Amino acid sequence: MKYLHLVWAALLRRKTRTVLTILSVLVAFLLFGLLDGVRAAFNAGETLAGVDRMVVSSRFSIIQPLPESLVARVQAVPGVRKVTWANWFGGYYQEPKNQLIIFAVGPDYFEVYPDYGITKPMIDAFGRTRTGVLVGASLAKRFGWKVGDKLPVKGSIFPDKATGETTWIFDIVGIYEAPTAKSRALEQQVMLRWKYFDEANAYGSGSVGWIIVQVTNPQESANVARAIDALSVNSDHETKTQTEREFNLSFAKQIGDIGLIVTAIIGAVFFTLMLLTGNTMAQAVRERIPEFATLKTLGFTDRSVLGLVFMESVLLIVIGGVLGLALASVLTPLVSAASGGMLQLPPIGLRSWLVGLALMVAVGAIVGVLPALRAMRLRIVDALAGR
Amino acid sequence: MSALIEIRDVNKAYVRGRQSVEVLHNVTLDIAQGDFLALMGPSGSGKTTLLNLIGGLDSPTGGSIAVGGKRIDTLGGTALAKWRSENVGFIFQFYNLLPMLTAQKNVEVPLLLTKLSAAERRRNASIALTLVNLADRASHKPNELSGGQQQRVAIARAIVSDPTVLVCDEPTGDLDRQSAEEVLRLLQVLNREHGKTIVMVTHDPKAAEHATHTLHLEKGTLVEAAA
Numbered sequence: 001m002k003y004l005h006l007v008w009a010a011l012l013r014r015k016t017r018t019v020l021t022i023l024s025v026l027v028a029f030l031l032f033g034l035l036d037g038v039r040a041a042f043n044a045g046e047t048l049a050g051v052d053r054m055v056v057s058s059r060f061s062i063i064q065p066l067p068e069s070l071v072a073r074v075q076a077v078p079g080v081r082k083v084t085w086a087n088w089f090g091g092y093y094q095e096p097k098n099q100l101i102i103f104a105v106g107p108d109y110f111e112v113y114p115d116y117g118i119t120k121p122m123i124d125a126f127g128r129t130r131t132g133v134l135v136g137a138s139l140a141k142r143f144g145w146k147v148g149d150k151l152p153v154k155g156s157i158f159p160d161k162a163t164g165e166t167t168w169i170f171d172i173v174g175i176y177e178a179p180t181a182k183s184r185a186l187e188q189q190v191m192l193r194w195k196y197f198d199e200a201n202a203y204g205s206g207s208v209g210w211i212i213v214q215v216t217n218p219q220e221s222a223n224v225a226r227a228i229d230a231l232s233v234n235s236d237h238e239t240k241t242q243t244e245r246e247f248n249l250s251f252a253k254q255i256g257d258i259g260l261i262v263t264a265i266i267g268a269v270f271f272t273l274m275l276l277t278g279n280t281m282a283q284a285v286r287e288r289i290p291e292f293a294t295l296k297t298l299g300f301t302d303r304s305v306l307g308l309v310f311m312e313s314v315l316l317i318v319i320g321g322v323l324g325l326a327l328a329s330v331l332t333p334l335v336s337a338a339s340g341g342m343l344q345l346p347p348i349g350l351r352s353w354l355v356g357l358a359l360m361v362a363v364g365a366i367v368g369v370l371p372a373l374r375a376m377r378l379r380i381v382d383a384l385a386g387r
Numbered sequence: 001m002s003a004l005i006e007i008r009d010v011n012k013a014y015v016r017g018r019q020s021v022e023v024l025h026n027v028t029l030d031i032a033q034g035d036f037l038a039l040m041g042p043s044g045s046g047k048t049t050l051l052n053l054i055g056g057l058d059s060p061t062g063g064s065i066a067v068g069g070k071r072i073d074t075l076g077g078t079a080l081a082k083w084r085s086e087n088v089g090f091i092f093q094f095y096n097l098l099p100m101l102t103a104q105k106n107v108e109v110p111l112l113l114t115k116l117s118a119a120e121r122r123r124n125a126s127i128a129l130t131l132v133n134l135a136d137r138a139s140h141k142p143n144e145l146s147g148g149q150q151q152r153v154a155i156a157r158a159i160v161s162d163p164t165v166l167v168c169d170e171p172t173g174d175l176d177r178q179s180a181e182e183v184l185r186l187l188q189v190l191n192r193e194h195g196k197t198i199v200m201v202t203h204d205p206k207a208a209e210h211a212t213h214t215l216h217l218e219k220g221t222l223v224e225a226a227a
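Sequence order for the protein chains is S and L. Going by our numbering, the residue at position 314 of the first sequence is 314; the numbering climbs one at a time, nothing skipped. Going by our numbering, the residue at position 121 of the second sequence is 121; the numbering climbs one at a time, nothing skipped.
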């Protein structure tokens with residue numbers, strides 16, 4: 001520690017350069033903090049996942065529908081308490097940029113999913129109105145919707161059988177508020193009646209997107225899943241029963257391997273960071289060759305000089321990195337709040353801090369190694385003579 | 001006086017490209033304890049090379065160098081660094097202070113290699129700065145000091161760990177006459193009153209007049225010795 005003031009003085013020698021370098025490190029670790037959170041969020045899947053619920057979907061593809069007739073057979077499997085189902089209904093409101101998350105949901109859907117906070121009057125109104133939809137409060141606030149409004153939606157897949165158009169007109173019968181901050185993302189959804197969807201869409205009837213199963217005993221989930229999948233073995237609609245988390249991962253992976261994409265982005269950021277800070281360190285050491293020669297003249301050993309440059313390099317990265325991760329810690333809840341719960345970034349936890357600190361030390365050591373070796377190997381008489 | 005520094009048949013050659021250039025030829029010299037020796041000679045005569053060898057900054061190609069009875073030409077890099085920190089104080093033409101540190105902190109740098117506590121380091125550095133009459137400039141950085149003051153800080157740094165030998169390479173080469181005179185008088189005080197053995201390279205005959213002995217080097221060979 002007694003050498004710390006020497007290292008600190010070296011960092012302050014070119015204040016502008018040091019500040020700019022720290023800023024670039026800060027940005028890199030801010031991105032690391034946020035993206036690591038995104039990666040974790042995707043890997044964690046839907047945070048509402050409960051161990052007592054499972055999802056039955058096509059074994060071959062998540063977009064492959066299942067026959068409605070399967071629902072009753074699944075309901076009959078021992079260990080199954082309740083069954084409901086849903087279909088994806090993509091579309092937008094007014095402009096393509098206003099994409100909506102719309103599900104056509106079967107009966108008892110909100111009993112299986114109390115997380116939505118749907119009230120009894122809403123469920124009653126939903127049951128009474130054929131074209132009725134329930135919309136989340138965040139979404140309603142964003143577009144200024146209220147109960148009783150007509151909601152025109154331009155469907156991205158399904159045309160209306162009656163008109164042949166992909167524009168559907170729904171009636172807003174309820175606006176729900178998620179009961180917890182954790183389930184706030186659900187307020188971005190629109191729920192319509194599956195029965196209406198099935199009757200009115202032009203692509204045939206009698207199929208469901210996926211079936212949601214509530215089990216009697218969560219400890220028996222694996223056995224129940226095997227029994228459900230056995231129902232359709234060797235049929236044209238073989239199923240795969242999985243946890244909600246795995247199902248949500250499959251959904252997200254339609255975009256691509258999020259984990260790989262994020263890892264690649266982080267890798268590119270750190271590669272660039274290493275080039276940048278490596279160059280800065282090389283320049284900083286090159287400028288101070290006479291000073292290192294002086295230190296050696298005074299009796300500092302080659303190893304001491306090597307250690308000083310390493311300390312300088314690691315300290316530079318650690319300062320920027322800690323500031324970046326701290327900023328990410330502050331921004332993470334703000335990003336989650338700003339997304340209306342759509343993006344539930346987990347807080348920067350101990351694991352992220354430990355990985356981040358290890359990365360800081362590793363990056364600092366890597367970018368410091370060549371300048372440190374140069375400082376260590378310099379010959380005093382040559383350096384003092386300016387050779 | 002007994003010989004503190006014993007130089008025997010020292011040769012030094014540098015390899016530059018494909019050529020080997022011999023800078024010192026069979027130099028034999030004794031420097032007594034408490035001596036103030038001026039080394040003079042034209043550029044390229046090898047005086048700085050000889051000074052570097054005496055200070056343990058470089059090793060001879062041949063021959064032997066002993067300081068206080070200890071052979072330094074056989075020491076490895078780490079041992080030589082330790083020996084320098086304990087036995088030699090260096091004063092350069094361009095001061096070679098660390099620009100971001102205050103005068104006080106600059107003087108403390110050699111003490112970082114000792115086991116002294118921070119308080120002891122501060123106290124010793126303050127004493128050294130007082131000795132060179134710069135106690136009131138302790139908190140100033142080098143760029144806030146004149147050339148003469150910077151060189152006095154460098155002298156304080158050179159003496160703070162109480163070395164046996166002071167090695168000075170053109171210590172007045174960058175100073176005006178008045179500052180040079182102050183620095184030379186300070187070296188004389190260190191030599192006469194504190195018993196420091198001083199070896200000084202200089203081009204300046206007036207500077208050499210402050211030494212007790214002057215030696216001339218020409219083409220790597222001692223050509224003249226004057227009392």
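Simulated from the structure, these hints should not be mistaken for laboratory data. Please note: incorrect hints may appear among the correct ones.
Example chain S residues on the side facing chain L (calculated, C-beta under 7 angstroms, incomplete) [unchecked claim]:
#1 4
#2 12
#3 13
#4 16
#5 18
#6 20
#7 291
#8 297
#9 298
#10 383
#11 386
#12 387
DSS-like cross-link-like pairs, simulated, lysine-lysine; straight-line CA separation at most 27 angstroms [said to hold, decoys possible]:
#13 S:15 with L:141
#14 S:161 with S:120
#15 S:120 with S:195
#16 L:82 with S:2
#17 L:219 with S:2
#18 S:82 with S:141
#19 S:182 with S:161
#20 S:82 with S:182
#21 L:206 with S:2
#22 S:141 with S:97
#23 L:82 with L:115
#24 L:206 with L:219
Listed next, the stretches of chain L that the computed footprint assigns to chain S, with coverage defined by at least 3 CB atoms under 8 angstroms from CB atoms of chain S [what the hints assert, rightly or not]:
#25 52-66
#26 86-95
#27 106-119
Source: prediction; values computed, not measured. Even for Gly, the Cβ is constructed at its ideal location relative to N, Cα and C.
Here is how each hint holds up against the structure:
Checking residue 4 of chain S against chain L: minimum C-beta separation of about 11 angstroms lies over 7 angstroms; hint violated. The beta carbon of residue 12 of chain S is positioned within 7 angstroms of a beta carbon in chain L (closest approach about 6 angstroms), and the interface hint is therefore held. About 5 angstroms separates the beta-carbon of residue 13 of chain S from the nearest beta-carbon of chain L, less than 7 angstroms, and the hint is met. Given hint, residue 16 of chain S at the interface with chain L, is violated; its Cβ is 14 angstroms from that chain's nearest Cβ, farther than 7 angstroms.
Here the hint on residue 18 of chain S is broken, as its CB sits about 11 angstroms from the closest CB of chain L, past 7 angstroms. The beta carbon of residue 20 of chain S is not positioned within 7 angstroms of any beta carbon in chain L (closest approach about 18 angstroms), and the interface hint is therefore violated. Proximity of residue 291 of chain S to chain L holds as hinted, the smallest CB-CB distance being about 6 angstroms (cut-off 7 angstroms). Interface hint status for residue 297 of chain S: upheld, as the beta-carbon distance to the closest one in chain L is roughly 5 angstroms, under 7 angstroms.
Checking residue 298 of chain S against chain L by beta carbon gives a least distance of about 5 angstroms; that is within 7 angstroms, so the hint holds. Look at residue 383 of chain S: its Cβ only gets to about 10 angstroms from chain L, farther than 7 angstroms, so that hint breaks. Hint on residue 386 of chain S is violated. Least Cβ distance to chain L is approximately 10 angstroms, over the 7 angstroms limit. Restraint check, residue 387 of chain S versus chain L: the minimum CB separation of about 10 angstroms is more than 7 angstroms; hint violated.
Proposed proximity of residue 15 of chain S and residue 141 of chain L is supported: the alpha carbons are some 16 angstroms apart, at most 27 angstroms. Restraint check for residue 161 of chain S and residue 120 of chain S: the C-alpha separation of about 31 angstroms exceeds 27 angstroms, so the hint is violated. The straight-line distance between the Cα atoms of residue 120 of chain S and residue 195 of chain S is roughly 19 angstroms, inside the 27 angstroms bound, and the hint therefore holds. Only pairs whose Cα atoms come within 27 angstroms are accepted, and residue 82 of chain L paired with residue 2 of chain S is accepted, the gap being roughly 18 angstroms.
For the suggested pair residue 219 of chain L and residue 2 of chain S, the alpha carbons sit about 45 angstroms apart, so the restraint of at most 27 angstroms is broken. A hinted pair counts as satisfied when its Cα atoms are at most 27 angstroms apart, and residue 82 of chain S with residue 141 of chain S does not qualify at roughly 33 angstroms. Between residue 182 of chain S and residue 161 of chain S, the direct Cα distance comes to roughly 38 angstroms. Violation of the 27 angstroms bound is thereby established for this hinted pair. In summary, the hint linking residue 82 of chain S to residue 182 of chain S is supported, as the alpha carbons are separated by about 24 angstroms, within the 27 angstroms threshold.
Distance hint between residue 206 of chain L and residue 2 of chain S is unfulfilled; the C-alpha atoms sit about 42 angstroms from each other, more than 27 angstroms. For the proposed pair residue 141 of chain S and residue 97 of chain S, the alpha carbon gap of about 17 angstroms is at most 27 angstroms, so the pair holds. For the suggested pair residue 82 of chain L and residue 115 of chain L, the alpha carbons sit about 13 angstroms apart, so the restraint of at most 27 angstroms is met. For the given pair, residue 206 of chain L sits about 23 angstroms from residue 219 of chain L by alpha-carbon distance, which is consistent with the 27 angstroms threshold.
Coverage of the region 52-66 of chain L by chain S holds in this model, with 4 residues showing a Cβ closer than 8 angstroms to a Cβ of that chain against a need of three. Closer than 8 angstroms: that is the beta-carbon criterion, and the region 86-95 of chain L has 3 residues meeting it against chain S, so the requirement of 3 holds. Counting residues of the region 106-119 of chain L whose C-beta sits closer than 8 angstroms to any C-beta of chain S gives 5, which meets the bar of three, so the coverage hint holds.
The structure shown violates the earlier hints numbered 1, 4, 5, 6, 10, 11, 12, 14, 17, 18, 19, 21.
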